[in-house]
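Make the full structure from the sequences, and use the hints.
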Amino acid sequence: MHNPYETQPAKITFISRQTANIKLFRFEFVQKVPGHKFIFKPGQFIELSIPGFGEAPFAPCNDLGAGYIELCIRNVGKLTAKLHKMKIGDIVNIRGPYGNGAWPLDKYNFKTQKNLFIAVGGLGLVPLRTLLLGKDKFLGKDSKVQIFYGAKAPEEMLFRHEYSRWKKHNIQIELTVDKECVGWNKCVGLVPILFDKHEVIQNSVAFLCGPPIMYKYVLDKLKKLGFADEDIYLSLERRMHCGIGVCQHCAVGSYYTCKDGPVFSWAQIKDIPGAI
Amino acid sequence: MNQSQLNKFIAYLQKNDWSVFGPVFTTAKIEELSPFLSAHQPSAIKKSGQILIKEIKKAGDLNLDGQLPFYSFKRFFVPEYETLFEYKKNRLAAKKYAPKIALVGMNILDLKAVNLYDQVFEKDPYYQARRRNMLIVGYSLTPEINDNIFEYKFEEDILEHLPFDIFLADYNAPSPRQNVGAPPPLNLRGGRGELYKVFTGSIKGQRILEHFGYKDYEHIQFSGPVREGRADERMERLRDRLKNHHDPNIWEKLGKICIECGKCTLICPTCFCFRIDDSPSSVKDSGVRTRCWDSCYYQEFSEMTGGHKFLDSTARRLHFWYFHKFARIPDEFNFMGCVGCHRCAAVCPVGIDIAEVLEEISNS
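If you read the protein sequences in the order shown, they are chains A and B. Numbering follows UniProt numbering, in which position 262 of the first sequence is assigned residue number 262; successive positions increment by one, without gaps. Numbering follows UniProt numbering, in which position 364 of the second sequence is assigned residue number 364; successive positions increment by one, without gaps.
Simulated from the structure, these hints should not be mistaken for lab results. Hints are all accurate, no fakes.
With a Cα cut of at most 25 Å, we get these calculated DSS-like pairs of lysine-lysine:
no., chain 1, residue 1, chain 2, residue 2
1, B, Lys88, A, Lys32
2, B, Lys15, B, Lys197
3, A, Lys82, B, Lys309
4, B, Lys15, B, Lys54
5, A, Lys41, B, Lys123
6, B, Lys243, A, Lys259
Just the calculated beta-carbon pair ranges, DEER-fashion:
no., chain 1, residue 1, chain 2, residue 2, range
7, B, Thr305, A, Asp178, 18 to 26 Å
8, A, Lys85, B, Lys15, 51 to 59 Å
9, B, Asp353, A, Glu230, 35 to 43 Å
Glycine is no exception: its CB is placed at the ideal position from the N, C-alpha and C atoms.
Written as structure tokens, this is what we have:
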């Protein structure tokens, strides 16, 4: 019988430092199964483990066609501290991908009818990078994307060397930092402040990913702009153990974040107390 | 089947390498089981002992009087602690341990819980391996009505919705506290001085009985955990109240008295949530990845990296527990996540009674 907890060993093939405590890791599976390619939908997650240090969910953020997995990970717990000490060639274990609720790319016609508005904070940009890197493929060449992105400080901004490339693909990105700092002459304040400075792209669907505190304020702004609940999508974060809708840790109302999410429409979860 | 045949059947199972477990009346004092409980239980139980599930060495030890065992049969299906993998360096090897176990005398409430395990762990290879090597011999008497909050009775059609291999229907000793005026629970005239009418619910059950040499059984085809065409009104009402008429006062009030000890979750036959952890052994770079019961009353249940907890108060955790049993499980499987055994109320050190809470939800 198929064992859902079984993992595949994967080797670290590349590491790049993003910020003081965030690194981007690239992994390749050790045993390549012939004819099998690791495919996931933008918004899904995988479970990464290091024996002895436990297991945790992470959102892959690589270009889909790349043949490797990239994870952008902050050094914040037992498992991630161990990972941050690892070097190229070291082995971790991966299972997944999981989550039936990915970003709803097939639900809308982004080619001709809808634009995409993205509001993200901190590490919230990570689960959207795959979508942004493959934007032409996922949404079409002419589709318009606008991103509101907030980070603590300029040096905390993820993938910042990629923004200029994104812009060439009709991706507009507006940035803000939490506090004023030397060398920063753009917007200062939390993500909602960007709504006062920039006009949100017309006729769009909203994808949100960030710390829970951000959701309430961004939702207020979006509702004022007339977004329908069905057209706002949020990626939820929860403690997860099994990843397959059994262990109960990630339950939100009658949904499981791991199985039914992690991306939900606001219409699905707005009546669940404590969902955000 | 009469008593001497049943005794022979148990001996037969043992001879065929089954470890037989069943309810046993034990005079082990409650103090020996839990010093804490001894301080809170009525003294009658202290004196008279308990029904516990133990390995049956002599057939005569099996206690079939319809009393609810103190603990349910949960741990045979969902063990409190199990090894999923053994690891050495970065290699994980799956570990499955599934001995032949026969559970004899499982009451109807605990059998109902098996319906839930079967659904939840449908795709779990560890559970399925255990389940394949298990023989379930059910027994008809439902625990006394006051211990059974949904007042389940042993009715004729209940059997086709219960997962068992063999079932012993006791018709000589009607349920101890029948409602006056209600029709007798089941009229199974076997005659010939037989004590138990025997049913089978699986091919495995049939095969074992035939091999043992007992042929006078009737087969009942399992038709799923839910009775078709008869909506469970109680379930519908509780689910509707919990989902559409959220009353925070119920939980705030209970949150003030609950001490989050988690006993109700451990003793509850339908509580199955778990955590997965790695435990290093004393040998370098090796250890086990385990699955262990968790409790949604524990503070770290919803704690994420960085310390944020979505269930950040006792009230929220209480609500989570009730919502799971009476809204989420009904949504997933179309039956309640509570068998009505009342064990949670029996062990609650602050006297929270699930029947009263359900009444309050119902009226909210």
